[in-house]
Amino acid sequence: MSELIVVDAVDKRYVTSSGPVDALRGVSLAVGAGEFCTLIGPSGCGKSTLLGMLGGLVHPDGGRVLVDGRPVDAPDPRRVATVFQDAGLFPWRTTLENVEFGLELQGVPRDRRRATAVELLGPLGLRDFAGKYPRELSGGMRQRVAIGRALAIDTPIVLMDEPFGALDEQTRLLMGEWLLDIWRRTRKTVVFVTHSLHEALALSTRVIVMTARPGRIKSVIDLPMPYPRAMESSDLVALRAKLWSEIREESLRAMGEA
Amino acid sequence: MRILQLVSIAVILGAWEAVARAGWVDPLFVPAPSAVAYAFAKVAASAFAGLGDTLAKTAIAYVLSVVLGVAGGVLLGSVRPVRQAVNPFVIALYGMPKILVLPWIVLMLGFGTLPAVVYGTIHGVFPILVLVTGAVRDVDRSLLTVARAFGARRWQLYWKVVLPAIVPTVLVGMRLGLVFCLLGVLIVEMFAGVRGMGHVMSSLANGFQAPELFAATALVSAASIVIVLSLDALNDRLSHWRGDVR
Amino acid sequence: MRVALIRVALVAVLLGIWELIGRTANPLLYVPPSAAVPALGRLLRLESYPDLGEHLLLTVREIVVAYAMAIAAGLGCGFALGLNRLVGRAYGPILAALYAVPAVVWYPSLMLFFGLDAASKIAFGFLLGFFPITLAVLAGIRQVNTQLVTVARAFGASGLTVFRKVMLPSMLFTLVGGLRTGLALTVIGVIVGEVLGSKAGMGSLINHAYGLFRTADYVALVLVTLVLIVGSDAIATLVEHRAQRWTE
Chain F
1 MSELIVVDAV DKRYVTSSGP VDALRGVSLA VGAGEFCTLI GPSGCGKSTL
51 LGMLGGLVHP DGGRVLVDGR PVDAPDPRRV ATVFQDAGLF PWRTTLENVE
101 FGLELQGVPR DRRRATAVEL LGPLGLRDFA GKYPRELSGG MRQRVAIGRA
151 LAIDTPIVLM DEPFGALDEQ TRLLMGEWLL DIWRRTRKTV VFVTHSLHEA
201 LALSTRVIVM TARPGRIKSV IDLPMPYPRA MESSDLVALR AKLWSEIREE
251 SLRAMGEA
Chain H
1 MRILQLVSIA VILGAWEAVA RAGWVDPLFV PAPSAVAYAF AKVAASAFAG
51 LGDTLAKTAI AYVLSVVLGV AGGVLLGSVR PVRQAVNPFV IALYGMPKIL
101 VLPWIVLMLG FGTLPAVVYG TIHGVFPILV LVTGAVRDVD RSLLTVARAF
151 GARRWQLYWK VVLPAIVPTV LVGMRLGLVF CLLGVLIVEM FAGVRGMGHV
201 MSSLANGFQA PELFAATALV SAASIVIVLS LDALNDRLSH WRGDVR
Chain W
1 MRVALIRVAL VAVLLGIWEL IGRTANPLLY VPPSAAVPAL GRLLRLESYP
51 DLGEHLLLTV REIVVAYAMA IAAGLGCGFA LGLNRLVGRA YGPILAALYA
101 VPAVVWYPSL MLFFGLDAAS KIAFGFLLGF FPITLAVLAG IRQVNTQLVT
151 VARAFGASGL TVFRKVMLPS MLFTLVGGLR TGLALTVIGV IVGEVLGSKA
201 GMGSLINHAY GLFRTADYVA LVLVTLVLIV GSDAIATLVE HRAQRWTE
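Listed in order, the protein sequences are those of chains F, H and W. The letter at position 77 of the first sequence is residue 77 when you use my numbering, and the numbering goes up by one with no holes. The letter at position 113 of the second sequence is residue 113 when you use my numbering, and the numbering goes up by one with no holes. The letter at position 99 of the third sequence is residue 99 when you use my numbering, and the numbering goes up by one with no holes.
Note that these hints are calculated values from the structure, not bench results. Model, not experiment: these values are computed from the prediction. Possibly wrong hints are sitting among the right ones.
Said to hold, decoys possible - The list that follows gives simulated cross-link-like pairs (lysine-lysine, DSSO-like), each with its CA atoms no further than 30 Å apart:
| hint | chain 1 | residue 1 | chain 2 | residue 2 |
| --- | --- | --- | --- | --- |
| 1 | F | 242 | F | 188 |
| 2 | W | 199 | H | 98 |
| 3 | F | 188 | H | 160 |
| 4 | F | 218 | F | 242 |
| 5 | F | 188 | F | 132 |
| 6 | F | 218 | F | 188 |
| 7 | F | 132 | H | 160 |
With these hints in hand, go ahead and build the complete structure from the sequences.
Shown next as C-alpha cells:
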C-alpha cells in the first residue's frame with residue numbers, strides 16, 4: 001500500500017504566557033491510501049495540532065510532513081479537506097451554498113458546483129434542507145453539511161477533528177454509522193481525531209494512540225476486522241480493554257502533570 | 001396597538017386645534033394644525049424644492065460616507081498596528097462636535113453644494129467607520145480558519161468571509177450614517193444660507209411664518225422617517241439569516 | 001509603549017504639516033500652530049474678547065439647565081414607557097420614529113418660539129439629550145433579569161422595594177452610560193444652537209470671529225470650547241467610574 005501521508009520526526013512548540021510548551025515531540029507516522037486512521041489520546045496530547053499540520057494550517061518547528069510525496073506548507077484543497085469540531089458553517093449561507101464553498105473558492109462555474117452540491121445532498125440526508133440556514137439546522141445536520149462541504153471538493157484525503165464531539169451520544173452513534181457508509185463508498189483516506197473509544201474501534205482500520213504532552217506515538221493498533229464491526233466479538237472486546245488501558249495511563253499522566 | 005397610537009395622535013391634534021382656536025396661545029408662535037395644513041399648500045413648492053436639494057446633497061454625502069466608512073473600517077479592523085495608532089483619534093473625532101469646524105469649512109469652500117456635501121460626509125462617516133472597525137475585529141476567527149483550510153487566498157478571505165459577516169453591522173451603521181449625513185447637510189444650510197430645506201426653514205423662522213415653518217418641519221421629518229424605515233426594512237430582509245431580533 | 005510613540009509621532013507630523021501649510025498659504029484660511037498659540041494667549045488674557053468669561057458662563061449655564069431637564073424628562077419618560085408594558089408598546093415605536101429625524105429640524109421652530117436668547121439653546125440641548133437617556137432607561141429595564149424580580153417577590157418584597165433593590169442596581173450601568181451620552185449630546189445641542197444663531201455664548205463668539213475673518217481668534221475660541229467639552233465629558237466619565245464601583 002502506498003504511503004499517502006508521511007509524518008517525519010515532527011516537533012511543535014508553543015510559547016505561552018507561562019513559558020514554552022512542547023505540543024509534539026518527534027512524532028512519526030505514515031498513513032496509507034484508503035485507510036481510516038484514528039488519532040486518540042488524552043486532552044492536550046497534540047492530536048489536533050498534528051491534524052492541523054496535515055492540513056497545512058500549522059507549521060512544524062522540526063521535521064516535516066509529506067502528502068503524496070510533497071511537503072505541506074499551506075492548505076492544499078486539491079488533496080486535503082478538513083472537517084472541524086464546531087462545523088464552522090457560514091451563517092449567511094444556505095446548506096447548498098455552504099456545501100459549495102470549496103468549489104466556489106476553486107472557481108468552479110456556478111452550474112457545475114450547484115449540481116455537485118445537489119447530488120451530495122442525497123447521501124447526506126439533507127435533500128429537504130437545501131435552502132435552510134445553519135441556525136435552522138440541528139447539530140448533527142450541521143456536521144453533515146460540514147462533511148458534505150469537505151466531500152464536495154473530492155480530495156483523496158479527508159481530515160476530521162472530533163467532528164461528533166459536540167453531539168449527544170445517540171446522534172454520535174448514528175453519525176458514525178453514516179460516516180462509515182460514506183467512507184466505504186468514496187474510498188477516501190480519512191484521518192480522524194476522537195476521544196471516543198467506541199468510534200475508534202467501530203470506524204477505523206488503524207488506531208494511533210498518543211502520549212500525554214509532549215505528544216508522541218505511544219502505540220499503533222491495526223484493526224483488520226470487517227465492517228460493520230461486531231463490537232461484542234472477543235477480539236474487539238480485548239482490543240477495547242487494551243486501548244483503554246493505554247489511554248487511561250496517558251490520561252492519568254496528563255492529569256497528574258496538570 | 002395601532003389603534004391606540006392613532007387615537008393618541010388624533011387626541012393630541014384635536015386638543016392642539018381646540019387650544020389654538022380658543023386663543024390660549026399666540027397663533028404667531030403656535031399655529032393650529034388646520035392652519036399648518038393650509039400653509040402646507042402655500043409653501044409646498046419651495047418646500048419640496050428645498051427638500052429635493054437637501055436630499056440630493058445628502059445622497060452624495062451618504063455615498064461618500066459609506067464608501068469611506070466601510071473601506072476605512074475594514075482597514076482599521078484588519079491591520080492591528082494601524083488601528084492601535086489611529087483609533088483613539090477616530091474616537092476623539094467621533095465625539096467632537098463638528099460644528100466647531102463648520103465656520104472654517106464654509107470659509108474655505110464657500111457657500112455652495114461642496115461645503116454641505118463635505119460637512120455631511122464628515123458627520124456620516126464616523127459612526128460607520130467605528131461600527132465597521134468593531135465588526136471586522138469581531139469576525140469569528142474559526143470561520144477564517146475554515147476558509148483558509150479550503151485554500152482561500154487573502155482577497156477571498158475578505159470577499160467571502162469578512163464582508164458577508166459584517167453586513168448586519170454595516171446596515172446598522174448605514175442607518176445611523178444616513179441620519180447623521182442629513183443632519184450635517186441641514187446644519188450647513190441653516191448656517192450658511194445655502195439652498196435647501198435648512199435654508200427654507202431658517203427663512204421661514206426669521207419671517208415669523210409659523211404655520212409654514214411647521215409644515216416644512218413636518219415634511220422633512222416625514223421624509224426622514226420614511227427613508228429610515230425603508231432602510232430598516234431592507235436591513236431585515238438582508239439579515240434574515242441571523243434570525244435574532246434587532 | 002511603541003504605540004504611544006507612534007501616536008505622538010502622528011500628532012507631531014500633522015502639526016508640522018499644518019505649520020508648513022499655514023506659513024505658505026492664505027493666512028485668513030490657514031492658521032498655523034505658531035499663530036494659534038499667541039491667539040490663545042490673547043484670548044485667555046481677555047484681550048481679544050474681554051467678556052469671554054460671561055459668554056463661557058452663559059454656555060455652561062445653558063448646558064446645566066438643559067441637562068437637568070433632559071435627565072428629569074428622560075428618566076420620567078423612560079420609566080413610564082418601560083415599566084408599563086402597554087404604554088411602552090404603544091408609544092415606543094413613536095419614540096423610535098422621532099429618533100430617526102435629525103434633531104436640527106426642530107431648531108428653526110425653537111428659534112421662532114424662543115427667539116435668539118438662551119431659552120432656544122436650552123430647549124435644543126434638552127431635546128438632544130433627552131433621547132439617549134430615555135433609550136438607556138428602556139434598554140436598562142429590558143435587560144433586568146426577570147428571574148431576580150421573581151425571587152424578590154417570592155421573598156415578599158413590595159413593588160417599590162423590588163424597584164429599588166433589584167431593578168435599579170441591575171440597570172445602573174446602562175443608565176449611567178445613557179446619562180453620559182445624554183450629556184455629550186446636550187453639550188453639542190447647546191453649542192450648535194449658539195453657532196446657528198445667538199447673541200451670546202461661546203458659539204456666538206465663534207460666529208463673530210468667523211464673520212470678521214479673525215481666523216486666529218476663531219481657532220483659539222474653538223480650542224477653549226473643546227476644553228469645555230472634554231472637561232464635561234471627563235467629569236461624566238469620573239461619575240461613571242464611581243457608579244461602576246458602587247455596582248460591583
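| message | Please list, smallest to largest, the hint numbers that this structure does not respect. | response | No hint contradicted; all consistent.
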